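Starting from the given sequences, assemble the full structure and let the hints guide the process.
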Amino acid sequence: MAPNTPAILFEAQSPVPFPLAWDWQRRLQRRRLDDPSTPDAVLLLQHTPCYTLGRGASLSHLGFDPDQPPLPLYRIDRGGEVTHHGPGQLVLYPVLDLQRHGGDLHLYLRALEDVVLAVLQGLGLEGERIEGLTGVWLEGRKLAAIGVGARRWISQHGLALNVDGSLEGFGAIVPCGLAGRPVGQLADWLPSLTSEQVAPLLLAAFARRFGLTLRPPRPEEGLGES
Amino acid sequence: MATHEIFMPALSSTMTEGKIVEWLKKPGERVERGESVLVVESDKADMDVEAFQEGFLAAVLMEAGSTAPVGETIGLIVETEAEIAVAKASAPAPVAAAPAPAAPTPAAATPTPAPASPPPAPAPAAPLPVAVPASAGDGRVVATPRARKLAAQLGVALASVRGSGPNGRIQAEDVEQATGQPVSLPRVAEGTAPAMAVAAGNGAAAAPAAPAGQAFGRAGETVAFNTLQQAVVRNMNASLAVPCFHVGYTITTDRLDAFYKQVKSKGVTMTALLAKAVGQTLARHPQLNASASEAGMAYPAAINVAVAVAMDDGGLITPVLADADRTDLYALSRQWADLVARSRSKQLKPEEYTTGTFTLSNLGMFGVDRFDAILPPGTGAILAVAASRPVVVALKDGSIAVRRQMQVNLTADHRVIYGTHAAAFLKDLADLIENRPESLAL
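First to last, the protein sequences are chains A and Z. According to this note's numbering, numbering within the first sequence proceeds without interruption in unit steps and concludes at 340. According to this note's numbering, numbering within the second sequence proceeds without interruption in unit steps and concludes at 510.
What the hints contain is simulated information worked out from the structure, not anything from laboratory work. Quick caveat: nothing in here was measured; it's all calculated off a predicted structure. Every residue gets a Cβ at the ideal spot worked out from N, C-alpha and C, and that includes glycine. It is possible that some hints are incorrect.
[As the list claims (entries may be wrong)] Per label pair, the in silico range of CB-to-CB distance: (1) 419(Z) - 282(A): 40 to 50 Å; (2) 354(Z) - 330(A): 30 to 40 Å; (3) 122(Z) - 336(A): 53 to 63 Å; (4) 247(A) - 281(Z): 56 to 66 Å; (5) 330(A) - 487(Z): 30 to 40 Å; (6) 291(A) - 333(Z): 28 to 38 Å; (7) 137(A) - 120(Z): 27 to 37 Å.
Here it is, written out as structure tokens:
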């Protein structure tokens, strides 16, 4: 992989409903599959409140009737158990050709953890990994959830970092199927911190870790609305 | 008529097994080439597994929810709808013994265990929906990658082995049990260890006395070239019109050997390692991938590493590992096992043995310490790989040490490839093998 390969950055200005962001990712993935010369891309956004379930996820981690969820519930094509998305949580969805980034899904998960760890370090916080539990943790609380899917090594989904939202939505589920492991957010440690402040840090850490130079989409690369 | 296996893919170099999350197709359903057939999960990552052939999903050998080691066959795809029906109709009860076509009864040296009911294989809890005999109508044998490799190493004909796995699939243990049978296949070009090591693993007592060297005729006879041999004659004669030269290099393999030991259990073969190393180095030295044509120097669109394999009947075939620079090591290993198995049973398609852009010839497993190879037509270079052997070497600091080294010898068409090209290629190849063999798995 050449250092500083260009990659397209799509940044949403207001919270995006999950199905729309999912559709964007699939379109980017499709483009990439149809034309391998398409550059890497990444979406940075926040979601309107919802729950998502990985493809192999168990319904037993839901604290509610899946037919009558308190928030929209989506079963999606990523690995992992149930999680919650909402405003105040930064979501990064890289659509990368992973064969150019090591061709190794486990390494990719570790690299996404690296990105979050670097953001935390920049804020003077020392996040940590827990062996066997993908994600990033701070003092026993889970700050970032990670789950990815790939088709022909083109990735979708990615990481969700809790910054300054309401964590209430996590109360109705066992996040990632891990009972007894609370969820936290950066504002618990740095109360004045906002998602808007963290967003550029997250993008910079991501670009550095993957050797990418982020640029806005050209007109013909647009996703209709973003 | 052919059956294609779906393998548990390696999503990571650290992955030893994967969980089948979901079959996106049901047995009997049509599958397009490139269409997702199932989803595999490892840790928090999902990967869609796609069909490499179009056809029909004939059998799901591992149900959703179950876990299988990397490289394990988890499903079967057949080419036509009729084959599913045939498979279904001829299918005995699941896991019944496979018909062993014209199997020579093993000599009574070792009592043949004839399991009336097969051992309880670590099969998924759910019953298998479709059963397919190990020999799927067309004489194609269904065996695990490990069994295939073992069979090749031990010289066991898979067609004569009784499979004890799901749907009569041949497992490694079945091959081991069958080693008492007459050796009918040559050893595959695997590994650079001297031949003695291979022979030792063979349980030397089992092999019946046979002439040491292969011959096509008896003393006093003249035997006409068969078709395959005629093809070899033509290719060899054609090479006389090519101005070739040779460049040799000695490569230290201690790190490669150590790395090979680590990944061997994941089904990686030395052939795949060497092909991958050559492929990656060719990507940086496109001149070595080029060939002379009437119009000038031809640069192929892809790097396809062909590997020479001797056939029992006097043919010489060069199955091709396509895109060897870009295909991951585990996929290359599986492809190679499949290519070797099918080349032995004459089931390779022409594009699977004629599209090489660079050739690898390995006699290392016979203990050969150096040789040179003749350039196959239509390509610019071929690399002859000899055995890796412990050698006393003087290190840079003047101290003396024992290192494992192998000699490689490049034959190149001087119209396209010059001495400096060859030297730079060999230097980079040596650097990769000596200092960064682990990167072959990335």
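Results for each hint:
| no. | hint | verdict |
| --- | --- | --- |
| 1 | 419(Z) - 282(A): 40 to 50 Å | violated, 59 Å |
| 2 | 354(Z) - 330(A): 30 to 40 Å | holds, 34 Å |
| 3 | 122(Z) - 336(A): 53 to 63 Å | violated, 34 Å |
| 4 | 247(A) - 281(Z): 56 to 66 Å | holds, 59 Å |
| 5 | 330(A) - 487(Z): 30 to 40 Å | violated, 49 Å |
| 6 | 291(A) - 333(Z): 28 to 38 Å | holds, 30 Å |
| 7 | 137(A) - 120(Z): 27 to 37 Å | holds, 28 Å |
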